[in-house]
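Number of protein chains: 2
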Amino acid sequence: MNVVPVQMHDEIVTKAYQARGYDFEESREAAKWCSMAAWHGIKTHNAVKALHLDHLFGAGPGGTVPGAEIEVLPSRFAAVEKWNANYKLGQSVASRAMERAMQLADEYGVGIVTVDNAFHYLWGGGYVIDAANKGYIAYTNCTTTLAEVVPFKGKYPTIGTNPHSWGFPTKDLIGFNVCIDWATSKIAMGRVQQLKREGKELPPECAIDENGNYTTNPADVFGLVTFGDHKGYGLSLANEMFGAFSGGSLPTIRGHFGEDHPNEKLGISCYFQVTHPDALDCGNFAGGRSQGENVKAVLNDILGHGNENCLFPGQIEAGSAAESEKAGGLLFTDVEVEELAKMAEESGVAFDRAAINKA
Amino acid sequence: MNVVPVQMHDEIVTKAYQARGYDFEESREAAKWCSMAAWHGIKTHNAVKALHLDHLFGAGPGGTVPGAEIEVLPSRFAAVEKWNANYKLGQSVASRAMERAMQLADEYGVGIVTVDNAFHYLWGGGYVIDAANKGYIAYTNCTTTLAEVVPFKGKYPTIGTNPHSWGFPTKDLIGFNVCIDWATSKIAMGRVQQLKREGKELPPECAIDENGNYTTNPADVFGLVTFGDHKGYGLSLANEMFGAFSGGSLPTIRGHFGEDHPNEKLGISCYFQVTHPDALDCGNFAGGRSQGENVKAVLNDILGHGNENCLFPGQIEAGSAAESEKAGGLLFTDVEVEELAKMAEESGVAFDRAAINKA
Chain A
305 MNVVPVQMHD
315 EIVTKAYQAR
325 GYDFEESREA
335 AKWCSMAAWH
345 GIKTHNAVKA
355 LHLDHLFGAG
365 PGGTVPGAEI
375 EVLPSRFAAV
385 EKWNANYKLG
395 QSVASRAMER
405 AMQLADEYGV
415 GIVTVDNAFH
425 YLWGGGYVID
435 AANKGYIAYT
445 NCTTTLAEVV
455 PFKGKYPTIG
465 TNPHSWGFPT
475 KDLIGFNVCI
485 DWATSKIAMG
495 RVQQLKREGK
505 ELPPECAIDE
515 NGNYTTNPAD
525 VFGLVTFGDH
535 KGYGLSLANE
545 MFGAFSGGSL
555 PTIRGHFGED
565 HPNEKLGISC
575 YFQVTHPDAL
585 DCGNFAGGRS
595 QGENVKAVLN
605 DILGHGNENC
615 LFPGQIEAGS
625 AAESEKAGGL
635 LFTDVEVEEL
645 AKMAEESGVA
655 FDRAAINKA
Chain B
305 MNVVPVQMHD
315 EIVTKAYQAR
325 GYDFEESREA
335 AKWCSMAAWH
345 GIKTHNAVKA
355 LHLDHLFGAG
365 PGGTVPGAEI
375 EVLPSRFAAV
385 EKWNANYKLG
395 QSVASRAMER
405 AMQLADEYGV
415 GIVTVDNAFH
425 YLWGGGYVID
435 AANKGYIAYT
445 NCTTTLAEVV
455 PFKGKYPTIG
465 TNPHSWGFPT
475 KDLIGFNVCI
485 DWATSKIAMG
495 RVQQLKREGK
505 ELPPECAIDE
515 NGNYTTNPAD
525 VFGLVTFGDH
535 KGYGLSLANE
545 MFGAFSGGSL
555 PTIRGHFGED
565 HPNEKLGISC
575 YFQVTHPDAL
585 DCGNFAGGRS
595 QGENVKAVLN
605 DILGHGNENC
615 LFPGQIEAGS
625 AAESEKAGGL
635 LFTDVEVEEL
645 AKMAEESGVA
655 FDRAAINKA
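Heads up: the sequence lines are chains A and B, in that order.
Residue numbering for the first sequence follows my numbering, starting at 305 and increasing by one per position.
Residue numbering for the second sequence follows my numbering, starting at 305 and increasing by one per position.
Bound-form chain A, shown alone (with noise of 0.2 angstroms):
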């Protein structure tokens, strides 16, 4: 594996967003969060993908706004806020509005900022791990840009990926954040593609066929099926009703830029939430223990008992930021390096291979 420099990625992917018509600013939050995905080993939202995704629905039209201005809306309600991204970049404003729950859990307990116009925020974890790290229970949902997945029993893929993150600020007690973190189908639309490419077939019921019937063949998916069957499904569907109370269109026709659609609206929709640990602590733990040694006796509790071998959810993704820290950088394949070369390259950046070791 190739170690990548942080500094020396993020000086390329801002310079690569800056390229593409984003101010300096958020091009480098832009970078920052891409480089925590590579840190915690997130292949599949990495800068590679990142850019890919700009160059899909990116600026352009019915895309991102290039140094689009986030308006805060006017709101009676003290402790929710509601902005109108304006379609700016996706990471720019999720790490805003996780920064702005934070404030207002600091002051109320729970802080949430729903956001409507919005784009894509690549890793849902990324942000809930960051506000865990400054010692906060943080929550994001979002709904996807198209809708690949099917209602439970249903034909017709009419509801988002849309995933859900919390984050538990348990760093300090057992050396990570428990993070939980995923989509809402079975399996992801990036896996049918890699499996189609491989000329695999899916694993049994993950998909349908346009005719409504499971398929195992990639060529075959016209929707993926939710996990959990209808528990999967509400878990969707509660993403796609924030979305509608805050002003998400028909998810049908979300991310179909380029189509005629004058009367709708095609952007995404994303809900923060940041709850205080403190807000919480009702001060009577049992043995004495603080409420970080009761979470603590908690987790060990669980995975005791013979469940020794099992994991905490965010574990994987802290073993990957750890061998990130030992090899000093971030872990990329030969192809990344060329992915990252080539956008160096194309940003008119000087590409230093000497900089990057093998770990």
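Don't read these hints as lab results, they were simulated from the structure.
Source: prediction; values computed, not measured.
One or more of the hints may lead you astray.
Stated by the list, open to error - Straight-line Cα separation of at most 20 angstroms, EDC-like style, residue types lysine to aspartate or glutamate; simulated pairs:
1) A:Lys600 <-> B:Glu568
2) B:Lys457 <-> A:Glu612
3) A:Lys662 <-> A:Glu642
Since the structure of chain A is already known, use the hints to place chain B on it.
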């Protein structure tokens, strides 16, 4: 099916609770939420189940405390309240906590009540549907009395069946409130017991035996499995986390009343959150729609396009409520009527069989 008038049912159940030492107010609340469950066809959480639960875990050492007072703990945070329920009856505490969360949401946009030293509140869906009837977006989770579920790939049950319930105010839009409400185990322990009684096998991969292997023999069940593998595990763990941050003790001894755990606590924890829909309304809905019209358009889109035979979460319960409405009372089986008659007799209430019609 028998049609039991709500007033008759509530009087018997109230008296039954009073006969066990609960005061009039909490007994009336208990009866109300039993009605609410029965009205919506929730057979597992009606009065029969409630009083059985009270018999097992209720008033007595470590159980609920009749007439207990809820203490609102001091907090510097205005939008989040911390309650010590002092083991007051679960339905009383839950209904009051949700009511308070609604008041907080009126003021701050969002309101949270977290409850320490709590007791099983029965059907979570009831509280969020009630809040949705009043126009709010509501959510609750709790840790369940016993740890019956194994962590993903685990061997020993260390987490609860820990349910989540979300309610969205959609009754005026589509005729009922969307209510997402389920436990995080693939099947309920009650279902295991039922299949055992009936000499039937479990569905595959729902439970493990004492060696940590999957079993379909109800007699060999040592622990239940979460729905959706690691995803349901994350959702169950989330409840344990909220509990641990608030005041919950070790899950493996929770509900083990009567055992000797001098330095530990045996009660459950609950979390209630209400969000005011106005606080999420960014005021820019496509096609000039109002918030409600937009939510309706999104819901119609989701169950359109060939998905017309799918259901929304909460729709089955709404169908049962409509049947109750049509019949003019609670639809009880003969067995349930006899349980109610027994309850009446034990509580010294006359049981007017003539008031029960057939539907």
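Right, here's what the structure says about each hint:
Among the hinted pairs, A:Lys600 with B:Glu568 is consistent with the structure: their alpha-carbon atoms are about 14 angstroms apart, no more than 20 angstroms. Of the supplied pair hints, the one linking B:Lys457 and A:Glu612 holds, its CA atoms being roughly 10 angstroms apart against a limit of 20 angstroms. For a cut-off of 20 angstroms, the pair hint linking A:Lys662 to A:Glu642 stands: about 14 angstroms separates their Cα positions.
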